[in-house]
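Given only the sequences and the hints, what does the whole structure look like? Please build it.
Protein chains in written order, with my numbering: chain Z, 456 to 555; chain L, 958 to 1130.
It is worth saying that the hints were derived from the structure and are not from the lab. These numbers were taken from a predicted model, which means no experiment stands behind them. It is possible that part of the hints are untrue.
Short, incomplete list of chain L residues facing chain Z, as computed with Cβ under 8 Å [as the list claims (entries may be wrong)]:
#	residue
1	Tyr1003
2	Ser1007
3	Val1014
4	Leu1056
5	Ala1057
6	Met1068
All residues carry an ideal CB built from backbone N, CA and C; glycine is no exception.
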Amino acid sequence: MVSIEMYVALSAILFTIGALGVLLRRNAIIVFMSIEMMLNSANLLFVAFSRYHGDVDGQVLVFFVITVAAAEVAVGLALIVTIFRSKKSINIDEINLMKG
Amino acid sequence: MSGELVIFIILALIAITSAIFMLLSTNAVHSALWLVLNFSTIGVLYLILSAPFIAMVQITVYAGAIMVLFLFVIMLLGAEHLGGVGQSQRWRLFLAGFLATVLISVFGIVMIEGQTGLDTAVANAPEITPQLLGLRLFEAYVFPFEVTGILLLTAMIGVVILNTRRKEENKNG
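Structure (structure tokens):
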């Protein structure tokens, strides 16, 4: 069996790439996708640890994370569509005001 | 090198490459498709970790439903070519690179030095079947499960409200 350190390393690399995506990309949709990737790397770690400890709770938590992520994406994309309609842009540097 | 290690390394390389291409591609549709590949490879990793239920949820919900939603919104808005990496300022690139290096080194240091519980991991732990998962979900975690239902309902109502207000404004204006 692959040692758990490999999974931790892969998860850390994917999380860092996701964080880079949030920092570097200006397109709000890509920023959202990067956040999804960070959530996914955390999920991978949960499943790996649950496998290596023989504990079900990790997988239950992944189930909840996926549900919350689905809700988050639905609301977030609806917000992006609404912002795009009023601002004609989804560049996150141009939507830095709370004012509509 | 065991066969499982070879498969893990191949999958890890695919996952990392697709993540990097998702970060770098200037077309948002391509980014989304690279992310689908990334999610699918992680789904296969879940299968290797003998978590078939989570793997199927990953493929159907993440690589399926969520990414279709992303692609739909990208194409609806026509936002394919907005804001590539090259368009960000140079200081931002340097700062992000520095922060990423710090993050990955902190991960490394914690993994090597810290009390992570990695050493208590046992390779021959009992396998987790979907049956066990379902029993735990509906016995110990039944209250969080119900809360999740309310969360999804709230999200649904929120989305409907966000997208109907515009119509009323159009009628008024």
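Against the structure, the hints:
At a threshold of 8 Å, the smallest CB-CB gap from Tyr1003(L) to chain Z is about 6 Å, leaving the interface hint in force. Taking 8 Å as the C-beta cut-off, the interface hint given for Ser1007(L) holds, the closest approach to chain Z being about 6 Å. Taking 8 Å as the C-beta contact cut-off toward chain Z, the hint placing Val1014(L) at the interface holds, the least distance being around 6 Å. Contact between Leu1056(L) and chain Z, as hinted, is supported at the beta carbon level, the nearest pair being about 7 Å apart and thus within 8 Å.
Hint status for Ala1057(L) relative to chain Z: holds, with the closest Cβ pair at about 5 Å, below 8 Å. Interface restraint check for Met1068(L): the shortest CB-CB distance to chain Z comes to about 6 Å, inside 8 Å, so the restraint holds.
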